[in-house]
Amino acid sequence: MKPLAIDPIVALDAEALSQAIHARQVSCREVMQAYLAHIERCNPQVNALVSLRPAEAVLAEADERDCELKRGHSRGWMHGMPQAIKDLAATAGLRTTLGSPLFAEQIPEHDAISVARVRASGALIVGKSNVPEFGLGSQTYNTLFGTTTNAYDPQRVAGGSSGGAAAALAMRLLPVADGSDMMGSLRNPAAFNNVFGLRPSQGRVPHGPAPELFVQQLATEGPMGRSVVDVARLLSTQAGVDARVPLSLSEGRRDFAAGLQRDFRGVRVGWLGDYNGYLPMDGGVMGLCEAALADFAELGCRVEACQPAFDPARLWQCWLTHRHFLVHGNLGAAYADPARRALLKPEAQWEVEGALQLSAASLYQASLDRSDWYRALAHLFERYDYLLLPSAQVFPFDAKLAWPTAVGGRAMDTYHRWMEVVIGPTLAGLPSISVPVGFNSDGLPMGLQIIGPAQADHAVLQLAYAHEQLTRWVERRPPPCLLA
Numbered sequence: 032m033k034p035l036a037i038d039p040i041v042a043l044d045a046e047a048l049s050q051a052i053h054a055r056q057v058s059c060r061e062v063m064q065a066y067l068a069h070i071e072r073c074n075p076q077v078n079a080l081v082s083l084r085p086a087e088a089v090l091a092e093a094d095e096r097d098c099e100l101k102r103g104h105s106r107g108w109m110h111g112m113p114q115a116i117k118d119l120a121a122t123a124g125l126r127t128t129l130g131s132p133l134f135a136e137q138i139p140e141h142d143a144i145s146v147a148r149v150r151a152s153g154a155l156i157v158g159k160s161n162v163p164e165f166g167l168g169s170q171t172y173n174t175l176f177g178t179t180t181n182a183y184d185p186q187r188v189a190g191g192s193s194g195g196a197a198a199a200l201a202m203r204l205l206p207v208a209d210g211s212d213m214m215g216s217l218r219n220p221a222a223f224n225n226v227f228g229l230r231p232s233q234g235r236v237p238h239g240p241a242p243e244l245f246v247q248q249l250a251t252e253g254p255m256g257r258s259v260v261d262v263a264r265l266l267s268t269q270a271g272v273d274a275r276v277p278l279s280l281s282e283g284r285r286d287f288a289a290g291l292q293r294d295f296r297g298v299r300v301g302w303l304g305d306y307n308g309y310l311p312m313d314g315g316v317m318g319l320c321e322a323a324l325a326d327f328a329e330l331g332c333r334v335e336a337c338q339p340a341f342d343p344a345r346l347w348q349c350w351l352t353h354r355h356f357l358v359h360g361n362l363g364a365a366y367a368d369p370a371r372r373a374l375l376k377p378e379a380q381w382e383v384e385g386a387l388q389l390s391a392a393s394l395y396q397a398s399l400d401r402s403d404w405y406r407a408l409a410h411l412f413e414r415y416d417y418l419l420l421p422s423a424q425v426f427p428f429d430a431k432l433a434w435p436t437a438v439g440g441r442a443m444d445t446y447h448r449w450m451e452v453v454i455g456p457t458l459a460g461l462p463s464i465s466v467p468v469g470f471n472s473d474g475l476p477m478g479l480q481i482i483g484p485a486q487a488d489h490a491v492l493q494l495a496y497a498h499e500q501l502t503r504w505v506e507r508r509p510p511p512c513l514l515a
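For reference, each letter of the sequence shown is one residue, going 32 to 515 in the working numbering.
Do not take every clue at face value.
Derived lysine to aspartate or glutamate pairs resembling DMTMM-like cross-links, with alpha carbons at most 20 Å apart [said to hold, decoys possible]: (1) 33 x 44; (2) 431 x 184; (3) 33 x 184; (4) 101 x 61.
Rather than coming from a laboratory, the hints here were simulated on the basis of the structure.
Produce the complete structure using the sequences and hints provided.
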């Protein structure tokens with residue numbers, strides 16, 4: 032492996048950086064200076080970080096963190112570490128645009144719950160990570176900041192909606208990153224940038240504060256990292272019940288990074304593949320994912336093909352209904368105002384218009400379908416400990432395209448149909464992590480989803496950790512532009 036041609040500080044993973052800071056091997060100021068210089072040099076290549084704060088402001092905060100350490104006080108494992116928050120999450124005093132001209136100058140008064148927890152753990156917010164408008168679509172572009180591109184090929188997409196976070200991680204612009212996931216937004220960009228992205232169990236990371244507390248349950252915030260340990264550490268910070276979020280899990284705060292190593296001999300793993308040919312795949316995707324099955328066998332797992340007893344076409348219709356309904360809940364008021372509607376991208380308008388055609392009966396039927404889907408997967412988990420599924424149906428595509436119009440020779444009928452592979456874990460509320468599984472002949476990355484039963488987040492992290500120790504894709508294949 033060629034050495035990285037970057038500052039050794041920014042080459043450290045988050046856990047190693049935290050240890051170096053707390054051992055006083057590097058100061059918080061030195062860390063911030065190294066990151067600011069690296070961001071200035073490399074962020075223009077991918078346009079991952081936006082709304083960056085003035086250097087003097089974050090350096091002054093770094094000095095404060097150093098003074099605290101001199102007094103023997105640490106705020107937590109992220110003490111003095113730079114962090115950029117996904118531009119869908121509210122950050123007090125820092126512009127939060129949602130990637131929309133409607134909120135171009137919005138400056139929240141309060142932090143989102145997950146942001147407050149990161150701050151409390153000692154992180155220093157340097158800016159935001161770029162998103163698609165309102166997080167809609169797995170291509171990170173908007174009219175405010177432009178397009179975020181791939182760490183491995185600047186002519187390709189980074190994925191989305193956590194595309195800014197994933198590209199920033201891969202480019203070593205951040206030690207660890209937060210994201211959120213409705214339709215694969217933590218998993219797809221992780222796969223596209225050769226990093227890890229975990230969609231936690233429903234309720235694991237409380238979302239909000241928000242006006243609506245019970246229905247908006249398809250999206251969740253979660254962690255991304257260049258190692259499974261880093262992902263687990265950030266999840267430990269983000270997770271935990273909050274009284275303002277009644278459906279957040281009541282399990283006490285825990286260290287998800289503890290006890291990651293385990294024996295996988297005899298563990299049963301089910302391979303879902305492309306749902307027996309239902310999902311179109313671009314050439315090479317299935318080949319890489321199927322080759323990765325041998326990794327799990329080498330770990331001692333018993334891997335076999337399986338399928339849920341559920342019509343995937345029914346699942347897609349269920350998804351469309353839920354998504355129309357929930358997007359309308361967020362954007363219906365903007366759509367109703369002609370002047371504001373004109374500032375919504377066509378895909379956002381299409382979602383709202385779809386909701387206007389829904390009936391109460393169709394919404395209830397979609398909820399019944401979702402419940403049946405959960406039961407179908409629960410039945411599979413009676414036989415298997417984990418399920419595996421590709422993280423995407425295509426490799427990173429041309430960044431000039433809004434979305435692929437065809438996959439595997441099959442026309443796509445919506446702007447998000449090409450990401451149908453990720454909706455299963457979302458609708459079932461299950462934990463799912465995208466782990467790197469290699470590169471195609473063009474040097475483009477791909478990932479594989481490890482899915483666990485409801486609330487088995489730690490078990491999912493354990494298998495991801497074992498796979499990481501075996502394969503080391505992040506370490507073996509950093510972005511070419513970072514190599515000496």
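Against the structure, the hints:
At most 20 Å may separate the alpha-carbon atoms for a hinted pair to count; residue 33 and residue 44 meet this at roughly 17 Å. Pair hint residue 431 plus residue 184 holds up; C-alpha atoms about 13 Å apart against a cutoff of 20 Å. Taking the CA atoms of residue 33 and residue 184, the gap is about 18 Å. The hint holds against a cut of 20 Å. This hinted pair checks out: residue 101 and residue 61 have alpha carbons roughly 15 Å apart, not beyond 20 Å.
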